[in-house]
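**Student:** Residue numbers (UniProt numbering), protein chains in the order written: chain W, 1 to 169; chain X, 1 to 169; chain H, 1 to 169.
By construction, these hints were calculated from the structure, which means they are not laboratory data. Any given hint could turn out to be false.
Covered, in the sense of this in silico footprint (three residues per stretch, anywhere, with C-beta under 8 Å from a C-beta of chain W), are these stretches of chain X [claimed, not checked]:
| # | segment |
| --- | --- |
| 1 | 7-15 |
| 2 | 22-31 |
| 3 | 42-49 |
| 4 | 142-152 |
No farther apart than 16 Å at their CA atoms in a straight line, the calculated lysine to aspartate or glutamate pairs in the EDC-like style are these [unchecked claim]:
| # | chain 1 | residue 1 | chain 2 | residue 2 |
| --- | --- | --- | --- | --- |
| 5 | X | K109 | W | D47 |
| 6 | H | K109 | X | E18 |
| 7 | W | K109 | H | D160 |
| 8 | H | K109 | X | D147 |
These numbers come from a predicted model, not from an experiment. Note that beta-carbon positions come from the ideal geometry of N, C-alpha and C, so glycine has one too.
The chain contents come next:
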Amino acid sequence: MIVNADNLIATVQRMADEDAIERVLYTYAFHLDAAEPQGMLPLFTEDLYVSYGNHGASGAEAYLHTLANPDTGIAAFFAGTSHHVSNVVIDFVDENTANVRSVLLAWHKYNRERPNGIVYGRYHDVFVRTDEGWKITRREQQTAGTDNYHARPEKMLMIDRSSREQSGE
Amino acid sequence: MIVNADNLIATVQRMADEDAIERVLYTYAFHLDAAEPQGMLPLFTEDLYVSYGNHGASGAEAYLHTLANPDTGIAAFFAGTSHHVSNVVIDFVDENTANVRSVLLAWHKYNRERPNGIVYGRYHDVFVRTDEGWKITRREQQTAGTDNYHARPEKMLMIDRSSREQSGE
Amino acid sequence: MIVNADNLIATVQRMADEDAIERVLYTYAFHLDAAEPQGMLPLFTEDLYVSYGNHGASGAEAYLHTLANPDTGIAAFFAGTSHHVSNVVIDFVDENTANVRSVLLAWHKYNRERPNGIVYGRYHDVFVRTDEGWKITRREQQTAGTDNYHARPEKMLMIDRSSREQSGE
């Protein structure tokens, strides 16, 4: 595109929105790796829908339960994690909604004795602009594959390698 | 740099170009990981030159043959891949040409029974602005190293660790 | 945020600063992976402070000694490295100072015979604007965990998974 006086403010607005959306992606990873579910909730809308294939959540309360559950939550299961998010591609549907795709490498150290596990995959998110800034209203995690991860591929939503189009694309 | 009324439009133009170039890098990875060679071709100019050390291609037709070959192409060789592109540095040579450097972690699951392989390396690209947007006209993949990857280092273009300057720098 | 004629130049200035800061992060990784300590020094202020937990440096001369030492420096210890930096979050303290957080995956091939080692962690940096551009004046590396890395966790600064706030946040 060619930037000129007519589209200047709209172009910079789009870039500021992209910056804000990326920051949400990275802040999510930050709080997840710090095992702080309470810090993750404000990044989502109240009516969020999150799907990881073998599990998920509808609504903030259910999602917090998934993340913070003393038996199966982040801190209960993992001694440490590291979420590396890259390849962020943002498509605005309208000025208050965006489809966002990113690539994830998620390393996990377990509390129990077993090799560290890695998930290679993608987030397909829908973001909406709210009075408190951009938030995730829908997140689907698709998996390319794993190394030594506890969840088996058939329990995950695997990336389709034959179709021409992907959800979120 | 200090942004002011005189350089404002040129600064935003450069940022818009950077956004567009990054998007090409990530769209390449997206279609590669989906095993869709047809989606990768529009990201390159017709006269592309691609080098991975032990193999490469000159021109779109040869490149498509490399990617889509039923015996040795992406889908023939790999059951899944995940390409993580980061550390993107863009140097504009002129307003229609840019040298672009990025860092790659490429995970590969093989169709045959063997451990998953990882390549750690870099893309050194030359981008040109076309009527259809920014495209890659030259891509050289340099390799820092591998874990369990099938290709041996002597068949790859290894990153030079002694010289002061690197190609594309 | 809403971009308008009043905040336009300040918004673009902030984005240009963010671009420049990210470029320093990636240039650091580039020269580190090329085993070129001399190329890393200009990215830091003279009075730099760097901490990796089990070792560190105060001042440019001490840091160069750490990096270039023929017995324990980068080239002495590693046959190759690959530093993947993502999840960059920048908070401006004032127009000439920024707290910068990023996520790191650092792969290492050793000169001696042992498995390749990976560090998963974060950089918490303080950047300052100088006459020669943005530079790092303070860098602390926090570690989420490792795979086959030679340094033991108790020698590293591990990411706190219980506290609500992290340094640099």
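**Student:** Holds or violated: K109 (chain X) with D47 (chain W), Cα cutoff 16 Å?
**Tutor:** violated, 36 Å
**Student:** Within 16 Å, alpha carbon to alpha carbon, are K109 (chain W) and D160 (chain H)?
**Tutor:** holds, 14 Å
**Student:** Test coverage of the segment 7-15 of chain X by chain W using CB-CB distances below 8 Å; three residues minimum.
**Tutor:** holds (count 5)
**Student:** Is the hinted pair K109 (chain H) and D147 (chain X) satisfied, with a Cα-Cα distance of at most 16 Å?
**Tutor:** With a Cα-Cα distance of about 10 Å, the restraint between K109 (chain H) and D147 (chain X) holds, given a limit of 16 Å.
**Student:** If you draw a straight line from the CA of K109 (chain H) to the CA of E18 (chain X), is it 16 Å or shorter?
**Tutor:** violated, 32 Å
**Student:** Three residues or more, CB to CB closer than 8 Å: is that satisfied between the segment 142-152 of chain X and chain W?
**Tutor:** violated (count 0)
**Student:** Three or more residues of the segment 42-49 of chain X near chain W by CB distance under 8 Å?
**Tutor:** Coverage by chain W is violated for the segment 42-49 of chain X (0 residues, Cβ < 8 Å).
**Student:** Would you say the segment 22-31 of chain X counts as covered by chain W, given the rule of at least 3 residues with C-beta under 8 Å?
**Tutor:** holds (count 6)
Checked against the numbered hints above, the structure breaks hints 3, 4, 5, 6 and satisfies the rest.
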